[in-house]
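Let the sequences and hints guide you as you build the complete structure.
The chain contents come next:
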Amino acid sequence: MTKNFPLKKDRSLVHLGAFGLALLFFPFLAQRISFIEHYLDVMVFVGIYSIVAMGLCLLMGYAGQISLGHASFFGLGAYISGVITAKYGVNPWLCILLGMGVSAVVATIIGGPSLRLRGHYLAMATLAFCIIVTVVFNESIPWTGGPDGLAFIPGISIMGWALDSVLKYYYLVWTIVFLVLFLCLNIIRSRVGRALRSIHGSELAANALGVNVDKYKIYVFVFSAVVASIGGSLYAHYLNFINPASFDLFVSIKLLIMIILGGMHSLWGAVVGAVLVTFLSYEWLHFFEDAEVMIYGAIILIIVIFLPGGLVSVPAKVSGLWRGSKREAKG
Amino acid sequence: MEEISFASQLLQYTITGVTIGSVYAMVAIGFNIIYNVTEAINFAQGEFCMLGGLVMVFFRVALNLPVVVSLPLTILVVTAAGILLDRLAIRPIREPSVLAMVIATIGAAFFIKGAAMFIWGKNPFDLPPFSGRNPISFLGAVIQPQGLWVVAFLAVVVVLLTLFFDRTMMGKALRACAVNANASSLVGINVRHMILVSFAMSAAIGALGGIVITPISLMEYDRGAMLAVKGFSACVLGGMGSFSGAVLGGLMIGLIESLGAGLVSSGYKDVFALILLLLVLFARPSGLLGSVEVNKIKKF
Amino acid sequence: MRTKCSIGRGAAFMLAAVLFAVFLVTPVMKVEAADPYKVGAVFSVTGRASFLGDPEKKTAVMLQEEINKKGGINGHPLELIVYDDEGDSTKCALAVRKLITQDKVCAFIGPSLSGLSLAVLPEAEKHKIPMVSCAASYKIVTKDPETGEQWKWVFKTPQSDSMAVEAIYTHMKKNGISKIAVLSVTSGFGASGRSELLRLAPDFGMTIVADEKYGPKDTDMTAQLTKIKGLAPQAIVNWSIGPTQVVVVRNWKELGMTKVPFYQSHGFGSRKNIELAAGAAEGVFCPLGACNIAEILPADAPQKKVTMEYLKAYKAKYNEGLSSFGGHAWDALSIVAEALEAVGPDKAKIRDYVEKLTGFVGQHGVFNFSAKDHNGLTKDAFNMVVVEKGDWALAH
Numbered sequence: 153m154t155k156n157f158p159l160k161k162d163r164s165l166v167h168l169g170a171f172g173l174a175l176l177f178f179p180f181l182a183q184r185i186s187f188i189e190h191y192l193d194v195m196v197f198v199g200i201y202s203i204v205a206m207g208l209c210l211l212m213g214y215a216g217q218i219s220l221g222h223a224s225f226f227g228l229g230a231y232i233s234g235v236i237t238a239k240y241g242v243n244p245w246l247c248i249l250l251g252m253g254v255s256a257v258v259a260t261i262i263g264g265p266s267l268r269l270r271g272h273y274l275a276m277a278t279l280a281f282c283i284i285v286t287v288v289f290n291e292s293i294p295w296t297g298g299p300d301g302l303a304f305i306p307g308i309s310i311m312g313w314a315l316d317s318v319l320k321y322y323y324l325v326w327t328i329v330f331l332v333l334f335l336c337l338n339i340i341r342s343r344v345g346r347a348l349r350s351i352h353g354s355e356l357a358a359n360a361l362g363v364n365v366d367k368y369k370i371y372v373f374v375f376s377a378v379v380a381s382i383g384g385s386l387y388a389h390y391l392n393f394i395n396p397a398s399f400d401l402f403v404s405i406k407l408l409i410m411i412i413l414g415g416m417h418s419l420w421g422a423v424v425g426a427v428l429v430t431f432l433s434y435e436w437l438h439f440f441e442d443a444e445v446m447i448y449g450a451i452i453l454i455i456v457i458f459l460p461g462g463l464v465s466v467p468a469k470v471s472g473l474w475r476g477s478k479r480e481a482k483g
Numbered sequence: 023m024e025e026i027s028f029a030s031q032l033l034q035y036t037i038t039g040v041t042i043g044s045v046y047a048m049v050a051i052g053f054n055i056i057y058n059v060t061e062a063i064n065f066a067q068g069e070f071c072m073l074g075g076l077v078m079v080f081f082r083v084a085l086n087l088p089v090v091v092s093l094p095l096t097i098l099v100v101t102a103a104g105i106l107l108d109r110l111a112i113r114p115i116r117e118p119s120v121l122a123m124v125i126a127t128i129g130a131a132f133f134i135k136g137a138a139m140f141i142w143g144k145n146p147f148d149l150p151p152f153s154g155r156n157p158i159s160f161l162g163a164v165i166q167p168q169g170l171w172v173v174a175f176l177a178v179v180v181v182l183l184t185l186f187f188d189r190t191m192m193g194k195a196l197r198a199c200a201v202n203a204n205a206s207s208l209v210g211i212n213v214r215h216m217i218l219v220s221f222a223m224s225a226a227i228g229a230l231g232g233i234v235i236t237p238i239s240l241m242e243y244d245r246g247a248m249l250a251v252k253g254f255s256a257c258v259l260g261g262m263g264s265f266s267g268a269v270l271g272g273l274m275i276g277l278i279e280s281l282g283a284g285l286v287s288s289g290y291k292d293v294f295a296l297i298l299l300l301l302v303l304f305a306r307p308s309g310l311l312g313s314v315e316v317n318k319i320k321k322f
Numbered sequence: 018m019r020t021k022c023s024i025g026r027g028a029a030f031m032l033a034a035v036l037f038a039v040f041l042v043t044p045v046m047k048v049e050a051a052d053p054y055k056v057g058a059v060f061s062v063t064g065r066a067s068f069l070g071d072p073e074k075k076t077a078v079m080l081q082e083e084i085n086k087k088g089g090i091n092g093h094p095l096e097l098i099v100y101d102d103e104g105d106s107t108k109c110a111l112a113v114r115k116l117i118t119q120d121k122v123c124a125f126i127g128p129s130l131s132g133l134s135l136a137v138l139p140e141a142e143k144h145k146i147p148m149v150s151c152a153a154s155y156k157i158v159t160k161d162p163e164t165g166e167q168w169k170w171v172f173k174t175p176q177s178d179s180m181a182v183e184a185i186y187t188h189m190k191k192n193g194i195s196k197i198a199v200l201s202v203t204s205g206f207g208a209s210g211r212s213e214l215l216r217l218a219p220d221f222g223m224t225i226v227a228d229e230k231y232g233p234k235d236t237d238m239t240a241q242l243t244k245i246k247g248l249a250p251q252a253i254v255n256w257s258i259g260p261t262q263v264v265v266v267r268n269w270k271e272l273g274m275t276k277v278p279f280y281q282s283h284g285f286g287s288r289k290n291i292e293l294a295a296g297a298a299e300g301v302f303c304p305l306g307a308c309n310i311a312e313i314l315p316a317d318a319p320q321k322k323v324t325m326e327y328l329k330a331y332k333a334k335y336n337e338g339l340s341s342f343g344g345h346a347w348d349a350l351s352i353v354a355e356a357l358e359a360v361g362p363d364k365a366k367i368r369d370y371v372e373k374l375t376g377f378v379g380q381h382g383v384f385n386f387s388a389k390d391h392n393g394l395t396k397d398a399f400n401m402v403v404v405e406k407g408d409w410a411l412a413h
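Sequence lines, in order, name chains A, B and C.
Using the working numbering, the letters of the first sequence correspond one by one to residues 153 to 483.
Using the working numbering, the letters of the second sequence correspond one by one to residues 23 to 322.
Using the working numbering, the letters of the third sequence correspond one by one to residues 18 to 413.
Accuracy of the hints is not assured; some may be wrong.
Said to hold, decoys possible - Below, a list of computed lysine to aspartate or glutamate pairs in the DMTMM-like style, where the Cα atoms sit at most 20 Å apart: (1) C/Lys160 / C/Asp390; (2) C/Lys55 / A/Glu189; (3) C/Lys406 / C/Glu326; (4) C/Lys87 / C/Glu358; (5) C/Lys329 / C/Asp408; (6) C/Lys234 / A/Glu291; (7) C/Lys145 / A/Asp316; (8) B/Lys144 / C/Glu292; (9) A/Lys469 / B/Glu117; (10) B/Lys144 / A/Asp442; (11) C/Lys75 / C/Glu326; (12) B/Lys144 / C/Glu337; (13) C/Lys234 / A/Asp400; (14) A/Lys320 / C/Glu337; (15) A/Lys406 / B/Asp244; (16) C/Lys145 / C/Asp390; (17) A/Lys239 / C/Asp390; (18) C/Lys289 / B/Asp244; (19) C/Lys143 / A/Asp316; (20) C/Lys234 / B/Asp244; (21) C/Lys329 / C/Glu163; (22) B/Lys144 / A/Glu441.
Think of the hints as simulated: they come from the structure by calculation, not from any bench.
No experiment lies behind these values; they were computed from the predicted model shown.
The following block contains the structure:
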C-alpha cells in the first residue's frame, strides 16, 4: 500500500524547487528557439488543465472516488466568470470567487446523494450531471450565448496592470498551479490525506476506525470542484471566448486520461499528464493529420499497458533498471 | 395534411421510443456481458455499433452482397475486432484493475474511431432497409418496417442469450465468472478465455445494433460515443449485470427521450432520461433490477 | 518476473523514443520555399464541423496548387499553412496565434465556425492582420449592430444566415405561407439559423407555431415532427447540417407530411444529401449560392464561368461532389490572392485593398466590399432551389 503513496517530504521540496526554476526559465528558452516559441501559449492551457487535474487527482487517486463531471465544474467557473464580467463588468477576481462559491454549492448538492454510490454507479451519476450541465449551457441562450458561445470576455488585471500578453498570463497561471500544488501536497500529508487514503483502501474499515467517511468524501469532492472552477475562470479570461463544447463529457474524459497517464496516485502525475495530453492534442499529433485520433488511442493503450503507474513511474523504473544493471555488473 | 389526434401522437412517440430504445438495449446488453465477467465497462462498445454499420455498408453497398450474406460477414468481422480488442488492449495489462481496463477501452475506442475516420472518411453512409421503406399506417401513427426489424432483432438476441446462459456449458461458465471469478478459476474455468468470449459476444451484439439502425438514421465514424453513453445509461438504470434490466433500461430511456421531446421540450430531451436515472440511483443505488447483494460483493 | 520487467522497461523506452522523435520531427517537416507569400488558414477539418472544414481545406489547397502551377503570384509562390482546429475554440485560438506570431503570415482565412471566428477576431485586430472568415454570422464583421460599424481587420465571404432566411421567407410569402414550424439542431449552425428565423419572422408576417430542436448525433426526429404535425403549420423550416438534415427529411416523408412544404437551410447544398435522402427530398426547397447550381445557371449569369470551372476542377481532383462550404474558402483565398497580386504582402495594404474591392465574381456571389460592409453580399446571393427528380432546379 505505501508504495503507492510515497511520503518523501524532503524530496518533494527539492522537486518543487526544480520544477519552479524550470517553469521560470522556460519562456526565455521558448523565445529563443523559434519552433517552440509558440509552446508558451500551449503551456498556459497546460497550467489551467493541471489545476483541474490536481483537484481530480485528489478525488480519484487518493480518495478513490470517480468523477466524470469535473468538466462541468470547470465550465461553471468559466461561465460565471465569463457571463458576469462580460454582461455586468464586474471585477474578474470577484467573479472567480463567485464561481468558486457556486461550484462549492453545486458540488455539495450533487455530491451528497451521489457519493453514496460506488464504482460505475458513481461514474454514471457524475456523467449524467455532466451531460445535464452541458445541455443547460446550450439551452440558456440569453445568458450563455448557447452553442455559438460567449465572446469578448474581458481579461484579468492585477491592480490595474493588465495581464494581456501570453507571457504575463503564463506566469499568473503557473503561480496559481504552484499554490494549488503546495496546498494539495499539504493536504495529502495531513490527517485529512491519511483519512482519504484509508477511505480509498476500504470504506468499511475506515468507518470502523472512526473516520467520518461521508464527511471526508464530500469535502474532497467540493474541494476538487472549487479548484476546477478556478481553472475554468482562468480559462475564460485567457481565451476571452467560451462555448459549451469546451466543457462537455469528452473534456471530463480527457481530464481522466490526464491523471491516469500521468500517474493517478501522484499529484505530479496530474501535472505530467496535463502536459502530455495537452501537447499531444494541441501540437504534436497534428503532424499525423488524419491518423491523429488513431495514434492518440494507441498512445493511451501503450501507457496503460506498459506503464500502469503512469509517466511518473518512469524515473523509478529507470533507477530500478540502473540499480539492477549495477547489481548485475557487480556479479 | 390531415390532423393527427393526440392519441395518435402519443402512439407515434411510443413507436419511436421503442425503436431507438431497442438499440440502446442492445448496447446495454453488450456492456453487461463484459461487466459480468470483468467488472469493467467497455467504452468501445459504441464503436462496435459504428463498425457494424460501416462494415455492413461495405459488404452490402460496395460489394453488393445480399443481406443474408453481408449480415453474418459483418458480424464476423466486428467479432474479430472485439477479439483483437481483448488480445491487444485487455490481455496485455499486467495488473488488471478495473480502472486500467476502462482506460484501455477508452484508448481502444479512440483507436477504432480514428481508424474508421481514416478508412471511411467523415461522411455519413446509408444502407438500404431490409424490407423496403413503405411505412405502415397504424391507428393514425406510422411504423417504419426497419423499426420492426430493430425490435425483432432485440427479441432474437434476448432469446438466444437466455438459451445460451441457461443451456450451454460456456454460458454457465460465464455466469459463474460473473458471480465470482476467483472461485470459477478454482473449479477449472479459464477466466481469460471467458473474457475473450465476452468481448466477442459484446462485439457481435453491438454490431447487430449498428447494422439494424443504419437504414433508419445513417452511420458515420463518430456516432459511437453517443450510443455508448446512452447504452451505459440504460445498463445502469436497469441495474448493472442484469439482462432484463438492460432491456428495461434501454426501452425506458428511448421512451422518455421520445415522449419528453414530443410532449415537453425537444431541447432538453436528453436531460429527462438522465434526471430519472439520477432519481432511481439515489433511491435504489443498484439500479432498477440490479441485485443489491451482488453489488455489495463486487469490488467496483 | 524478469521478462515482464524487461518488456515494461523496453516498451517504456520505446514509447519515450517515439514521442521524442515525433516532437523533434514535427516542426521540421514544414518546407520553406524561396520568398513565398505566406497565407494562413484555420479550418475545422475534423471534429463536429468537418462538413465545413473538410471541403474548405480541400478547396484552398486545390486553389493554391492552381495558382502555383501558373507561376505563383507575380512570381512568388503562394505558401498556404493550414491548421485544423477540430471545431475546438482552444485549438483555434492557438492555431491563429501560431500563424500570426510563429509562421508570420500576411493574412489568414477561416475559421469555419462563427463562434470560433468571434473568438479569434480580437487577435486579428490586436496584431493588425487581415482575416477573411469562412463563417456566416453577421456578428463576425459587425462590431456595433446599432451603427453598423465594421471591425477594421475582419472580413467574411459567406452570406449571412439572415440572407438565407430572407430568401426563404420571401419565397414563402410569395406562396401565401404565414404559419410555420421551425426545427433546428442544437449546434452553433442550427442555433444561429434559428435565431435569425425568430428575429426576422415578424418582418415577413410569419407566425412560428413550433420551435423544436434535436442533437447533432440524434438518430430520429419523428417525435419532433409528430408534434409539429399536430400543430398543422403551412410549412416547415429545418436548420441543420450533417446526417440529421437527411434523417429529418426521411422522417418527414415517412410520416406522410409531404403536403407541407419543407425548407432546408443552405447546408443542404450537396447532391450527396439528395442521394442519402433516398427519394425523400423530392420537392424540398432550399436557398443555395451559385456554386451549388453552376450547371443550371443561365449561360449569361456573371458567376457561370467561375462556378463551372470550380465544379470541374474539384470533381477532377477529389472525385467527390461539390460542397457549398468549399466555395467560401475559394472566395476567401481568391480575394486574398488578388490583393497580394495588387499590393504585395503588406498587411495594411491588403486590408485596404479588400475593403475597396468591388465587382469580385466569386462562388457565392458578386462581392462589393466597402468600409460599411465587410461581407460584400446581399440576399440576391441566394437562389431558391427545389429538388426535382433527384437534382436541383430553380424554384419559382
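Given pair status - A/Glu441, B/Lys144, alpha carbons within 20 Å: holds (13 Å)
Agreement of A/Lys239 and C/Asp390 with the hint, judged by alpha carbon distance not exceeding 20 Å: Between A/Lys239 and C/Asp390 the Cα gap is close to 27 Å, so the pair fails against 20 Å, i.e. violated.
Satisfaction of hint between C/Glu163 and C/Lys329, Cα-Cα up to 20 Å: violated (43 Å)
Restraint check for A/Lys320 with C/Glu337, where alpha carbons must lie at most 20 Å apart: Distance ~47 Å between A/Lys320 and C/Glu337 Cα, so the pair is violated.
20 Å Cα cutoff - pair C/Lys160, C/Asp390: Judged against 20 Å, a Cα distance of about 11 Å means the pair holds.
Satisfaction of hint between A/Asp400 and C/Lys234, Cα-Cα up to 20 Å: holds (14 Å)
C/Lys145 paired with C/Asp390 [C-alpha distance capped at 20 Å]: holds (18 Å)
Given hint C/Glu337 paired with B/Lys144 - CA-CA distance at most 20 Å: Satisfied, since the Cα-Cα distance of roughly 13 Å is no more than 20 Å.
Holds or violated: C/Lys75 to C/Glu326, with C-alpha atoms at most 20 Å apart: Since the Cα atoms of C/Lys75 and C/Glu326 sit roughly 15 Å apart, the hinted pair holds (cutoff 20 Å).
Pair hint outcome, A/Lys469 versus B/Glu117 [Cα-Cα no greater than 20 Å]: With a Cα-Cα distance of about 16 Å, the restraint between A/Lys469 and B/Glu117 holds, given a limit of 20 Å.
Satisfaction of hint between A/Asp316 and C/Lys143, Cα-Cα up to 20 Å: Between C/Lys143 and A/Asp316 the Cα gap is close to 11 Å, so the pair holds against 20 Å.
Straight-line alpha-carbon gap C/Lys406 to C/Glu326, limit 20 Å: The given pair, whose Cα atoms are some 25 Å apart, is violated under the 20 Å limit.
Hint compliance for this structure: hints 3, 14, 17 and 21 are broken, all remaining hints hold.
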